[in-house]
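Participant: Chain order of the listed sequences is A and B.
The numbers in numbering that gives the first Met the number 0 rise by one with no breaks, and the one at position 39 of the first sequence is 38.
The numbers in numbering that gives the first Met the number 0 rise by one with no breaks, and the one at position 84 of the second sequence is 83.
I should point out that these hints are in silico values taken from the structure, not numbers from a laboratory.
On a predicted model such as this, the values are computed, not experimentally measured, just so you know.
Treat the hints loosely; a few may be bogus.
[Unchecked claim] Just the calculated beta-carbon pair ranges, DEER-fashion:
{"no.": "1", "chain 1": "B", "residue 1": "24", "chain 2": "A", "residue 2": "167", "range": "36 to 44 Å"}
{"no.": "2", "chain 1": "A", "residue 1": "90", "chain 2": "B", "residue 2": "60", "range": "35 to 43 Å"}
{"no.": "3", "chain 1": "B", "residue 1": "62", "chain 2": "A", "residue 2": "31", "range": "31 to 39 Å"}
{"no.": "4", "chain 1": "B", "residue 1": "59", "chain 2": "A", "residue 2": "73", "range": "50 to 58 Å"}
{"no.": "5", "chain 1": "A", "residue 1": "7", "chain 2": "B", "residue 2": "75", "range": "53 to 61 Å"}
[Stated by the list, open to error] Covered by chain B, according to a simulated footprint, are these stretches of chain A (three or more residues, beta-carbon under 8 Å):
{"no.": "6", "segment": "23-33"}
{"no.": "7", "segment": "43-53"}
The C-beta atom is built at its ideal place from N, Cα and C for all residues, glycine as well.
Listed below are the residues making up each chain.
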Amino acid sequence: MGVVEPLVFDPLSGLVAKAGRGDRQAASDLVKAVSPGVWRIAWRLLRDAAEAEDVTQEALIRMWKIAPKWKPGRAKFETWLYQVATNLCFDRLRKAGRFVEEGAAPEPCDKAPLPDADLAGTNLRARIDLALAQLPDRQRTAIVLTHYESLPAKAAGEILGISVDALESLLSRGRRALRVALAEEKHDLLEAAVEGYVA
Amino acid sequence: MTDSGFHALNRALDKASPVPPMPMERIQDAAMAAFPASKSVMDNWTARFGALAATIVLGFGGFMAFQSYQAEQRALVADADAFAEALLSESF
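If we strip away everything but chain A, and leave its shape as in the complex, we get:
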């Protein structure tokens, strides 16, 4: 006898079912509920507002195709949608030749101060953005999903198509790379976290 997978509680399943039956109000509510998350993931992976908007729209259009066939209880709808968005982002990065594979050495951070770095917070933000941008894409995605989107490891692993152990390893490599890249900013970061002056 096979192992029975526990049913997954999904607060969106009602809306998905109604939208799948053609209910416009439910479809509109579903877009409002899921699009901010898709937008945040797409923007953090692509770092480009126009591209993030395209990916968000494309993911939502795919959502309409799957909604009538969606079977609740097997997986969370949001997890599926984030997986679609992540794959769309990876496709775009690959097509543009911007996809950084694991093991590819990241460019060293340019430590020169930025022209508009008159505020300490702006400078620090730019350094963090640069350090994040220079991570290999799968490491950055793992950090975005678990840290920024606060998804559980299982869901983040499903989105990336890897096991929880593999995700932990990806996260650990990503955090290590960030620590190295932000070593000089460690003091500023701690201060920023304590005082909360970084906007």
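With chain A held as given, fit chain B onto it using these hints.
Facilitator: Frame of chain A, contents of chain B only:
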């Protein structure tokens, strides 16, 4: 980096790398424009015709079953009458 240092780094990263606001209206409009409206009309018709077909089938089936039951009852009564008549004619 210590654990407390790492958590502090997390908090700082959160504040230091904000996502720009989403163009909600444009995204909502595009998504709703792609929402298959004709499908909903078709689904409504499918549901209505389905319900109508089910009513017709059940109604016809019920009518036939009732007719069959009545015929059976009539046959039974006729049998019983015939038996009673035969019994009476034999004994008297």
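Participant: Decide, hint by hint, whether the structure agrees.
Facilitator: We went through each hint and held it up to the structure:
Between residue 24 (chain B) and residue 167 (chain A), the C-beta spacing of about 39 Å keeps the proposed range 36 to 44 Å intact. Our hint of 35 to 43 Å for residue 90 (chain A) and residue 60 (chain B) is violated, since their Cβ atoms are close to 54 Å apart. For residue 62 (chain B) paired with residue 31 (chain A), a C-beta distance near 50 Å fails the hint of 31 to 39 Å. Between residue 59 (chain B) and residue 73 (chain A) the C-beta distance comes to about 39 Å, which lies outside the given range of 50 to 58 Å.
Remark: the range hint 53 to 61 Å for residue 7 (chain A) to residue 75 (chain B) is upheld by a beta-carbon distance near 58 Å. Taking a C-beta to C-beta cut-off of 8 Å, the segment 23-33 of chain A contributes 5 residues in contact with chain B, enough for the three needed, and the coverage statement holds. With 3 residues having a Cβ less than 8 Å from any Cβ of chain B, the segment 43-53 of chain A passes the three-residue criterion, so the hint holds.
Violated hints, listed in ascending order, are 2, 3, 4; each of the other numbered hints is respected by the structure.
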